[in-house]
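Chain by chain, the residues:
2 protein chains.
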Amino acid sequence: MQKPEHHIFVCSSFRVNGNAKGVCQKKDSTNLIQYLESEITDRGLDALVSSTGCMNLCNNGPVMMVYPDNYWYGNVDEEAIDEILDALEDGKLAEDYLFVS
Amino acid sequence: MQKPEHHIFVCSSFRVNGNAKGVCQKKDSTNLIQYLESEITDRGLDALVSSTGCMNLCNNGPVMMVYPDNYWYGNVDEEAIDEILDALEDGKLAEDYLFVS
Chain Y
1 MQKPEHHIFV CSSFRVNGNA KGVCQKKDST NLIQYLESEI TDRGLDALVS STGCMNLCNN
61 GPVMMVYPDN YWYGNVDEEA IDEILDALED GKLAEDYLFV S
Chain U
1 MQKPEHHIFV CSSFRVNGNA KGVCQKKDST NLIQYLESEI TDRGLDALVS STGCMNLCNN
61 GPVMMVYPDN YWYGNVDEEA IDEILDALED GKLAEDYLFV S
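One line per chain: the protein sequences are Y and U, in this order.
According to the UniProt record's numbering, the stretch in the first sequence is residues 1 to 101, in order.
According to the UniProt record's numbering, the stretch in the second sequence is residues 1 to 101, in order.
It is worth saying that the hints were derived from the structure and are not from the lab.
Only a predicted model underlies this, so the values are computations on that prediction, with no experimental measurement involved.
You may find that some hints are simply not true.
Some chain U residues judged to face chain Y by a derived CB distance under 7 Å, without partners named [as the list claims (entries may be wrong)]: (1) A47; (2) S50; (3) M55; (4) N56; (5) P68; (6) V100.
Using N, Cα and C, we set each Cβ at its ideal position, and we do this for glycine too.
Bound conformation, chain Y alone (with noise of 0.2 Å):
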């Protein structure tokens, strides 16, 4: 196999022992991550999508990490997985979702 140009990293707030708690699975990630996977088929991108237990970020949550570009993204929705998407393409950052620069 050969690494993904990029690998982006949901939070899916499992618990050690497994369980789906807290924010970010109440905002949804779960049908984030698949909204995100398809998009990114469409879109032909070379990206892994892998979640994540709790990053204890939950107050943006849900957080979105891009790798290796180092990007950081907070409150992620539908919409800011577009935006995300359309900057990605163009190799450039989505500002107005970053929690962290």
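Since the structure of chain Y is provided, determine the placement of chain U on it from the hints.
Showing chain U alone in chain Y's frame:
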């Protein structure tokens, strides 16, 4: 908050519904995360650890990605973690555990 110098992701096999199943979980990835976090604290490394859902890299599991460095390690156990963190402190790769270069 500030971004950490290293963000380390460890596959913990969570499925979308939150169940922790699969190879990495069976190989004790939950305890690995605790070991990794205690080693990071002991060494004073600026590194954040997050668990991830199944990455479909089970043949190489448990897997561990270090970003933004973009190092992908496989078959990780406590000995591997020691070598990987030793290398990270020296700004190097632990080549024995890379499964994608």
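Cross-check of the supplied hints:
no., hint, result
1, A47, "violated, 13 Å"
2, S50, "holds, 5 Å"
3, M55, "holds, 6 Å"
4, N56, "violated, 9 Å"
5, P68, "holds, 4 Å"
6, V100, "holds, 6 Å"
Going down the numbered hints, you'll see the structure goes against 1 and 4, while the others check out.
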